[in-house]
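A.B. asks: Start from chain A and add chain B according to the hints.
So the sequences go chain by chain: A and B. At position 27 of the first sequence the residue is numbered 27 (UniProt numbering), and the sequence of numbers has no breaks. At position 33 of the second sequence the residue is numbered 33 (UniProt numbering), and the sequence of numbers has no breaks.
Hints were generated in silico from the structure; no laboratory data involved. Any given hint could be a false lead.
Claimed, not checked - Each computed SDA-like pair below joins lysine to any residue, with the alpha-carbon atoms no more than 20 Å apart:
{"no.": "1", "chain 1": "A", "residue 1": "K50", "chain 2": "B", "residue 2": "K15"}
{"no.": "2", "chain 1": "A", "residue 1": "K15", "chain 2": "B", "residue 2": "E80"}
{"no.": "3", "chain 1": "A", "residue 1": "K118", "chain 2": "B", "residue 2": "N22"}
{"no.": "4", "chain 1": "A", "residue 1": "K192", "chain 2": "B", "residue 2": "N94"}
{"no.": "5", "chain 1": "A", "residue 1": "K195", "chain 2": "B", "residue 2": "N94"}
{"no.": "6", "chain 1": "A", "residue 1": "K54", "chain 2": "B", "residue 2": "F34"}
{"no.": "7", "chain 1": "B", "residue 1": "K15", "chain 2": "A", "residue 2": "L45"}
{"no.": "8", "chain 1": "A", "residue 1": "K183", "chain 2": "B", "residue 2": "H162"}
{"no.": "9", "chain 1": "A", "residue 1": "K129", "chain 2": "A", "residue 2": "H20"}
{"no.": "10", "chain 1": "A", "residue 1": "K192", "chain 2": "B", "residue 2": "T261"}
{"no.": "11", "chain 1": "B", "residue 1": "K23", "chain 2": "A", "residue 2": "I109"}
{"no.": "12", "chain 1": "A", "residue 1": "K54", "chain 2": "B", "residue 2": "M33"}
{"no.": "13", "chain 1": "A", "residue 1": "K266", "chain 2": "A", "residue 2": "A255"}
{"no.": "14", "chain 1": "B", "residue 1": "K266", "chain 2": "B", "residue 2": "Y248"}
{"no.": "15", "chain 1": "A", "residue 1": "K50", "chain 2": "B", "residue 2": "M33"}
{"no.": "16", "chain 1": "B", "residue 1": "K118", "chain 2": "A", "residue 2": "H20"}
{"no.": "17", "chain 1": "B", "residue 1": "K118", "chain 2": "A", "residue 2": "N117"}
{"no.": "18", "chain 1": "A", "residue 1": "K54", "chain 2": "A", "residue 2": "G125"}
{"no.": "19", "chain 1": "A", "residue 1": "K118", "chain 2": "A", "residue 2": "D154"}
{"no.": "20", "chain 1": "A", "residue 1": "K192", "chain 2": "B", "residue 2": "L92"}
{"no.": "21", "chain 1": "B", "residue 1": "K195", "chain 2": "A", "residue 2": "L104"}
{"no.": "22", "chain 1": "B", "residue 1": "K15", "chain 2": "B", "residue 2": "N117"}
{"no.": "23", "chain 1": "B", "residue 1": "K15", "chain 2": "A", "residue 2": "Y75"}
{"no.": "24", "chain 1": "A", "residue 1": "K15", "chain 2": "B", "residue 2": "N55"}
{"no.": "25", "chain 1": "B", "residue 1": "K266", "chain 2": "B", "residue 2": "N254"}
{"no.": "26", "chain 1": "A", "residue 1": "K183", "chain 2": "B", "residue 2": "T167"}
{"no.": "27", "chain 1": "A", "residue 1": "K50", "chain 2": "B", "residue 2": "R6"}
{"no.": "28", "chain 1": "A", "residue 1": "K71", "chain 2": "B", "residue 2": "N117"}
Number of protein chains: 2
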Amino acid sequence: MDKIQRNERLAVIIKTLCDHPNKVFTLGYFSEMFGSAKSTISEDLDLLQKTFEKNNMGNICTIPGASGGVKYVPYMSEAEIQVTLEELSKELSNPERVLPGGYLYMLDIIYNPEWVNKIAMMFAGKFSKLELDCVITVETKGIPLAFATAQYLDVPLVIVRHYNEATDGASVNINYVSASAKKIQTMVLPMKSLKRNSRLLFIDDFMKGGGTSKGIIEMANQFDSEVVGIGVMIETNQPNKKLVENYYSLVTLNADLIENTIIDIKPNI
Amino acid sequence: MDKIQRNERLAVIIKTLCDHPNKVFTLGYFSEMFGSAKSTISEDLDLLQKTFEKNNMGNICTIPGASGGVKYVPYMSEAEIQVTLEELSKELSNPERVLPGGYLYMLDIIYNPEWVNKIAMMFAGKFSKLELDCVITVETKGIPLAFATAQYLDVPLVIVRHYNEATDGASVNINYVSASAKKIQTMVLPMKSLKRNSRLLFIDDFMKGGGTSKGIIEMANQFDSEVVGIGVMIETNQPNKKLVENYYSLVTLNADLIENTIIDIKPNI
Numbered sequence: 001m002d003k004i005q006r007n008e009r010l011a012v013i014i015k016t017l018c019d020h021p022n023k024v025f026t027l028g029y030f031s032e033m034f035g036s037a038k039s040t041i042s043e044d045l046d047l048l049q050k051t052f053e054k055n056n057m058g059n060i061c062t063i064p065g066a067s068g069g070v071k072y073v074p075y076m077s078e079a080e081i082q083v084t085l086e087e088l089s090k091e092l093s094n095p096e097r098v099l100p101g102g103y104l105y106m107l108d109i110i111y112n113p114e115w116v117n118k119i120a121m122m123f124a125g126k127f128s129k130l131e132l133d134c135v136i137t138v139e140t141k142g143i144p145l146a147f148a149t150a151q152y153l154d155v156p157l158v159i160v161r162h163y164n165e166a167t168d169g170a171s172v173n174i175n176y177v178s179a180s181a182k183k184i185q186t187m188v189l190p191m192k193s194l195k196r197n198s199r200l201l202f203i204d205d206f207m208k209g210g211g212t213s214k215g216i217i218e219m220a221n222q223f224d225s226e227v228v229g230i231g232v233m234i235e236t237n238q239p240n241k242k243l244v245e246n247y248y249s250l251v252t253l254n255a256d257l258i259e260n261t262i263i264d265i266k267p268n269i
Numbered sequence: 001m002d003k004i005q006r007n008e009r010l011a012v013i014i015k016t017l018c019d020h021p022n023k024v025f026t027l028g029y030f031s032e033m034f035g036s037a038k039s040t041i042s043e044d045l046d047l048l049q050k051t052f053e054k055n056n057m058g059n060i061c062t063i064p065g066a067s068g069g070v071k072y073v074p075y076m077s078e079a080e081i082q083v084t085l086e087e088l089s090k091e092l093s094n095p096e097r098v099l100p101g102g103y104l105y106m107l108d109i110i111y112n113p114e115w116v117n118k119i120a121m122m123f124a125g126k127f128s129k130l131e132l133d134c135v136i137t138v139e140t141k142g143i144p145l146a147f148a149t150a151q152y153l154d155v156p157l158v159i160v161r162h163y164n165e166a167t168d169g170a171s172v173n174i175n176y177v178s179a180s181a182k183k184i185q186t187m188v189l190p191m192k193s194l195k196r197n198s199r200l201l202f203i204d205d206f207m208k209g210g211g212t213s214k215g216i217i218e219m220a221n222q223f224d225s226e227v228v229g230i231g232v233m234i235e236t237n238q239p240n241k242k243l244v245e246n247y248y249s250l251v252t253l254n255a256d257l258i259e260n261t262i263i264d265i266k267p268n269i
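Extracted from the complex, chain A is given alone in its bound form:
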């Protein structure tokens, strides 16, 4: 096997695996593609595994057995997470972000692919072992984060809406109290968009009281499904006691201070 061929195989394998995070490809898939022996592909994968590990590029995981294969698992090291959360806190702490009413403008972060992918990679790393059926979110601001997380975890995205949409067929509607929007809101989920007995990861940009998370849990119940993980980018320190217990948040905003236009945001590490 000459050098060019190995380089070419490695390039194709990396591109294929990284374009489909957490998706398992059999060794046979690559060995057919290249007309190479499985042992050759195995050697390629060993080499990639070491290179990815050494350069903090995520994990190349081989799964043994008949149904085995290889997958790329996006991953951020503890050190990278720390640096990223410090950068995020600093970026969010820009005083120009404070809006009338004590709100924090952050659309430029949560709609920016570069930030979204970094944040989603932290969620994907945290929740990769949950055997999820899908990622769920509520429109609108959390959608890019939830989509990117779903992509890293190789599962579909489900979007709960606030208003009924004739074009999506029959739906389940529930009401819930959102602390951040300070009102009773409706959640709508089309019957066709979630299978019974699904395991869900709820992803959102912001958590104040946890009302939205509680609403999503209730919605999941209507589909005999379970929310097995909750990930939010930013939570507020107040109220200290949220309506849900187990959740993962990246940074905490001191909500008392922001009313005096002081932004105090700390990484949760």
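C.D. replies: The following block gives chain B in isolation, referenced to the frame of chain A:
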């Protein structure tokens, strides 16, 4: 330079470039990272360029000059586009998708990362030379497609909403007539979320009369900005004359037939 080192450099370069489509990295960036001469990096890039081209993995483009460097440009060949659009048409033509009222259920496609990325790659290929400032969409269904397109084009996403959100500050509101929702709707865009004199690409899942596109163009005008491209996944054959003229759509739905639960969808190639 021994074999292991070249393999490792190639792996890191591929991962870096493909994680940031359309983002330019200088040769100096990689030469510093590896402690290698720029001529060595140049050789690596030549090799990658050939490998990517040969295997239809997109383009590795080198940009000459002082501000030059290298970037990965996602790209689908004409042949791949044809196959993908035929698959998409077939998938959308499943009779179980027809909902009461003659609507077509497609959330499982437009929220599925695998499909979304394929569709976004076609949009990114089509619009990559437009010198865009951002991708814009209207909540909700087009957001994953628009986000993935923005990611491939290395620009931020802007999301126009239907209702005012106190948490995003002052906004511009306009009204428009949506043919598919059969009603007058409102578009809301926070002042802070779009810079003056921006060049925008509007991405959406569905176009019937083009009312939403026209609304987006008007919204852009309020920000002294210009919609320089419009991409939609699916358009209807009726009305034949849309409210906008230049747009790119992937497949066409025969809207007359669907009322009799016959789904006729054709690739636009």
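A.B. asks: For every hint, state whether the structure bears it out.
C.D. replies: Tested hints:
1. K50(A) / K15(B): holds (14 Å)
2. K15(A) / E80(B): Status holds; Cα separation ~17 Å.
3. K118(A) / N22(B): Status holds; Cα separation ~17 Å.
4. K192(A) / N94(B): holds (14 Å)
5. K195(A) / N94(B): holds (18 Å)
6. K54(A) / F34(B): holds (13 Å)
7. K15(B) / L45(A): Satisfied, since the Cα-Cα distance of roughly 15 Å is no more than 20 Å.
8. K183(A) / H162(B): It holds: about 18 Å lies between the C-alpha atoms, which stays within 20 Å.
9. K129(A) / H20(A): Distance ~17 Å between K129(A) and H20(A) Cα, so the pair holds.
10. K192(A) / T261(B): holds (18 Å)
11. K23(B) / I109(A): holds (18 Å)
12. K54(A) / M33(B): holds (13 Å)
13. K266(A) / A255(A): Holds. K266(A) to A255(A) sits at ~12 Å (cutoff 20 Å).
14. K266(B) / Y248(B): Satisfied, since the Cα-Cα distance of roughly 14 Å is no more than 20 Å.
15. K50(A) / M33(B): Holds, at about 18 Å.
16. K118(B) / H20(A): holds (12 Å)
17. K118(B) / N117(A): holds (18 Å)
18. K54(A) / G125(A): holds (18 Å)
19. K118(A) / D154(A): At roughly 16 Å apart (the allowed maximum being 20 Å), D154(A) and K118(A) satisfy the hint.
20. K192(A) / L92(B): holds (15 Å)
21. K195(B) / L104(A): Given that 20 Å is the threshold and the Cα spacing comes to 19 Å, the pair holds.
22. K15(B) / N117(B): holds (17 Å)
23. K15(B) / Y75(A): holds (13 Å)
24. K15(A) / N55(B): holds (10 Å)
25. K266(B) / N254(B): holds (8 Å)
26. K183(A) / T167(B): Given that 20 Å is the threshold and the Cα spacing comes to 13 Å, the pair holds.
27. K50(A) / R6(B): holds (14 Å)
28. K71(A) / N117(B): Answer holds: K71(A) to N117(B) is near 18 Å, not above 20 Å.
Comparing the model with each earlier hint shows no violations; every hint is respected.
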